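Whole structure, please, built from the sequences with the hints as guidance.
Protein chains: 2
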Amino acid sequence: MSEQDHHHRTRRVQVGSVPLGGGAPVAIQSMTNTHTHDVEATAAQIDRLARAGADLVRVAVPGPKDTAALPEILQASPVPVIADVHFHHQRALEAVAAGVHKIRLNPGNISDRPQVERVIAACRERSIPIRVGVNEGGIVERRDQTKRAAEKSRLAETYHSGLIELMVEKLTRTIRVFEENDFTDLVLSAKSADARIVIEAYRALARRFDYPLHLGVTHAGPPETGRIRSIAALGTLLAEGIGDTVRISYAADPVVEVEDAKELLNSLKLRARTEPELIACPTCGRIEVDLIKLVQDVRRKLATIKTPMKVAVMGCVVNGPGEAEGADVAVFAGKGKGIICVQGRQIRTVSEDRMLDALYDECLKLAEQVASGQAQLSDAPLRVGPPAHPLADDGATPA
Amino acid sequence: MSEQDHHHRTRRVQVGSVPLGGGAPVAIQSMTNTHTHDVEATAAQIDRLARAGADLVRVAVPGPKDTAALPEILQASPVPVIADVHFHHQRALEAVAAGVHKIRLNPGNISDRPQVERVIAACRERSIPIRVGVNEGGIVERRDQTKRAAEKSRLAETYHSGLIELMVEKLTRTIRVFEENDFTDLVLSAKSADARIVIEAYRALARRFDYPLHLGVTHAGPPETGRIRSIAALGTLLAEGIGDTVRISYAADPVVEVEDAKELLNSLKLRARTEPELIACPTCGRIEVDLIKLVQDVRRKLATIKTPMKVAVMGCVVNGPGEAEGADVAVFAGKGKGIICVQGRQIRTVSEDRMLDALYDECLKLAEQVASGQAQLSDAPLRVGPPAHPLADDGATPA
Chain A
1 MSEQDHHHRT RRVQVGSVPL GGGAPVAIQS MTNTHTHDVE ATAAQIDRLA RAGADLVRVA
61 VPGPKDTAAL PEILQASPVP VIADVHFHHQ RALEAVAAGV HKIRLNPGNI SDRPQVERVI
121 AACRERSIPI RVGVNEGGIV ERRDQTKRAA EKSRLAETYH SGLIELMVEK LTRTIRVFEE
181 NDFTDLVLSA KSADARIVIE AYRALARRFD YPLHLGVTHA GPPETGRIRS IAALGTLLAE
241 GIGDTVRISY AADPVVEVED AKELLNSLKL RARTEPELIA CPTCGRIEVD LIKLVQDVRR
301 KLATIKTPMK VAVMGCVVNG PGEAEGADVA VFAGKGKGII CVQGRQIRTV SEDRMLDALY
361 DECLKLAEQV ASGQAQLSDA PLRVGPPAHP LADDGATPA
Chain B
1 MSEQDHHHRT RRVQVGSVPL GGGAPVAIQS MTNTHTHDVE ATAAQIDRLA RAGADLVRVA
61 VPGPKDTAAL PEILQASPVP VIADVHFHHQ RALEAVAAGV HKIRLNPGNI SDRPQVERVI
121 AACRERSIPI RVGVNEGGIV ERRDQTKRAA EKSRLAETYH SGLIELMVEK LTRTIRVFEE
181 NDFTDLVLSA KSADARIVIE AYRALARRFD YPLHLGVTHA GPPETGRIRS IAALGTLLAE
241 GIGDTVRISY AADPVVEVED AKELLNSLKL RARTEPELIA CPTCGRIEVD LIKLVQDVRR
301 KLATIKTPMK VAVMGCVVNG PGEAEGADVA VFAGKGKGII CVQGRQIRTV SEDRMLDALY
361 DECLKLAEQV ASGQAQLSDA PLRVGPPAHP LADDGATPA
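Quick note, the sequences are listed as chains A and B, same order. Here our numbering is used: position 133 in the first sequence is 133, and no number is missing along the way. Here our numbering is used: position 374 in the second sequence is 374, and no number is missing along the way.
These aren't lab readings, by the way, just hints derived from the structure by calculation. You may find that some hints are simply not true.
Repeated chains share a single entry, so a pair holds when one copy, or any two copies, can fit it.
As the list claims (entries may be wrong) - Below, simulated DSS-like cross-link-like pairs (lysine-lysine); rule was C-alpha separation at most 25 Å, straight line:
#1 K65 x K337
#2 K65 x K335
#3 K306 x K337
#4 K65 x K306
#5 K365 x K301
#6 K365 x K293
#7 K306 x K293
#8 K337 x K365
#9 K170 x K293
#10 K293 x K337
As the structure is a computational prediction, the values presented were derived from the model and not from experiment.
So, in structure tokens, the structure goes:
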């Protein structure tokens with residue numbers, strides 16, 4: 001399948017300095033969990049999120065004191081800021097006046113047409129895009145719980161396709177209001193806690209609309225289980241070329257969301273790595289060293305290196321360099337000793353207690369050589385070649 | 001897309017009591033990291049893996065003392081056992097004689113035709129299937145490192161498609177030997193540490209062969225990063241209907257591999273849950289309680305319940321029951337108090353310090369009612385309805 005068939009072509013909208021859609025790199029976003037009116041805490045968390053790799057940060061603005069804090073937060077933020085608006089369209093107007101870079105509106109609780117049109121007018125004046133996001137939960141009114149329960153008792157199939165249809169329909173009705181007001185700076189989302197519903201809902205959106213899509217699984221829970229369902233859904237969509245910005249959401253420190261989103265984009269080569277990539281043997285009955293400990297030690301040591309080299313920790317001498325899959329620096333750990341390899345060449349054999357340090361030394365040395373232009377990383381061509389693979393994005397610059 | 005278009009139709013092979021392919025549920029497998037000749041440790045680990053949800057367990061048999069341990073291990077194992085064979089075809093013959101349920105052969109290091117034919121004859125006699133697995137690393141000979149590096153310096157595109165072609169070609173050549181010997185009890189794999197290569201390689205295998213596919217990302221590293229690339233690749237393939245058995249492989253306790261594989265199949269509804277599913281608000285600036293702590297407390301408490309109810313921990317009273325997305329038991333935590341809901345009905349309001357216990361009590365109560373037939377779980381139809389969704393498997397029985 002060629003990239004043309006594969007990738008969901010979208011318009012481009014501009015969120016401050018960050019473009020979404022139209023071939024732009026997939027942007028990572030997260031959301032603060034501080035009280036937005038606590039400027040110091042919010043600015044500090046935005047900073048942590050940006051340093052972890054967030055391109056955009058969203059903040060909740062439930063009350064007027066939250067929107068009142070936005071000018072100071074915006075001034076401090078190294079990345080564009082999105083205001084998350086529910087229930088009160090007035091918060092959107094205040095956020096726009098404060099200079100926020102994007103608005104998220106929930107059509108599940110802001111649907112009054114004159115109110116929505118006031119927000120549209122304000123955003124158009126300042127060229128501020130709006131995300132219209134429906135959630136599975138949000139499309140069901142409280143009074144419809146009984147009806148919903150009845151519906152659920154029928155076939156799961158009917159329930160699911162009906163649900164996705166309802167989500168798309170709700171979005172379509174909402175979008176019509178924007179389009180009738182000549183406003184097309186839109187980003188769309190349709191979230192659920194169910195990975196399958198997320199996959200099907202976004203596939204439906206991609207077939208129907210050319211607005212950029214904001215991917216997310218809602219209410220995924222704690223990272224321990226939430227990351228599996230989030231990565232399964234978002235990974236599937238991204239691998240199909242669907243999605244222009246992602247937010248992974250856990251009940252956890254939002255920095256974890258950003259780290260996981262970054263690793264996901266790295267894994268699918270939708271974002272160039274800026275840090276080492278660690279590959280390692282799974283453990284098995286052939287291994288003669290404490291590989292799990294060695295891998296974790298290497299992982300911690302590598303955190304100080306900011307060169308995207310590929311580092312391999314292998315538990316079998318017999319498998320040899322072929323198994324390290326083009327690693328820049330590798331150790332093949334056998335009984336009592338390890339062979340250190342750099343870019344396919346065996347450098348030396350060290351005793352087991354020297355493996356960690358010897359590997360780390362070679363990583364440092366290679367990082368310096370790469371920095372000074374004396375060496376090239378084995379994966380380097382991946383970042384300079386033209387877009388080739390259906391899964392590669394076509395506007396990415398190395399981060 | 002209908003299930004017919006979507007699902008990769010495969011033959012069925014039988015691994016002891018566990019069928020693979022031909023519409024059978026996707027089977028979870030893992031691999032022991034004990035020395036196989038240490039019967040006690042190996043049997044104990046197989047038991048832990050089976051209890052965690054592994055349908056099949058693989059063991060390495062590098063030496064004759066490892067295959068010699070197989071009869072005792074097989075007798076103790078609650079699940080079928082696979083022997084992982086490299087380099088020495090003799091180990092395969094010994095494992096077959098010991099009564100192992102499946103053999104994995106690596107054509108990268110066992111390719112001598114008379115040797116392979118001896119293994120085929122032995123397996124045919126006992127109706128033992130064979131997995132033929134190539135790894136990205138394994139297809140490159142040591143002496144080809146230089147050539148490989150040269151190839152890499154060309155376009156990443158060429159490298160990738162060339163690599164996938166090589167992997168498929170190697171498998172095709174190997175399979176020919178089996179087919180010429182009228183042996184079709186095959187399972188195929190083509191692994192890499194690169195999620196994109198894994199996705200593309202298995203898509204290519206699914207287009208070309210009707211043998212069941214064993215999915216895996218090799219050398220994924222520690223779970224912290226390895227699970228993202230593993231779930232992205234395996235989730236994408238499973239969501240496309242590709243894959244009959246999965247092994248997630250980390251440099252970690254293999255029980256973690258099984259837990260993650262199980263959560264992946266649960267998330268994609270390829271396996272019915274047997275334990276509670278926890279959904280929760282992501283944290284945000286609207287939250288007035290320590291939601292992260294509450295979620296973790298709930299997660300720990302739920303570990304004792306073996307009923308697949310959906311439990312929601314929400315941080316916003318205002319969002320109301322609609323947002324809990326059909327949870328069986330939910331708490332909506334606001335400032336100083338929480339509303340407890342059971343299957344959409346508000347049961348009571350409790351003070352903040354009572355939320356955890358009140359939620360847990362309702363979960364226990366519901367579990368009892370479900371056990372005695374007085375209540376039905378909200379997701380119950382999903383497990384009894386016909387296969388409907390393209391992502392649902394069509395042979396699954398509730399585990």
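Which holds for K306 with K337 at a C-alpha limit of 25 Å: within a copy, between copies, both or neither? For K306 and K337, the Cα distance exceeds 25 Å both inside one copy (28 Å) and across copies (46 Å).
Should K65 paired with K306 be assigned to within, between, both, or neither, using CA atoms and 25 Å as the limit? neither (40 Å within a copy, 45 Å between copies)
With identical chains, the pair K306 and K293 could be close in the same copy or across copies; at 25 Å between alpha carbons, which is it: within, between, both, or neither? within (22 Å within a copy, 33 Å between copies)
Please sort K365 with K301 into within, between, both or neither, judging by C-alpha distance up to 25 Å. Only inside one copy: K365 and K301 sit 14 Å apart there, 49 Å across copies, limit 25 Å.
From the Cα coordinates, with 25 Å as the cut-off, is the pair K170 and K293 best called within, between, both, or neither? Neither, since 51 Å and 35 Å both go past 25 Å.
Using 25 Å as the alpha carbon limit, work out where K293 and K337 are close: within a copy, between copies, both or neither. This pair counts as within: shortest intra-copy Cα distance 15 Å, inter-copy 44 Å.
Intra- versus inter-subunit Cα pairing at 25 Å for K65 with K337: For K65 and K337, only the inter-copy Cα distance (23 Å) is at most 25 Å; the intra-copy one is 63 Å.
If the cut is 25 Å between Cα atoms, do K337 and K365 qualify within a copy, between copies, both or neither? within (21 Å within a copy, 57 Å between copies)
Within a copy, between copies, both or neither: which one fits K65 and K335 at a CA-CA cutoff of 25 Å? between (64 Å within a copy, 18 Å between copies)
25 Å Cα cut-off: does K365 pair with K293 within a copy, between copies, both or neither? Within one copy only: 23 Å inside, 43 Å across.
Checked against the numbered hints listed earlier, the structure breaks hints 3, 4, 9; every other hint is satisfied.
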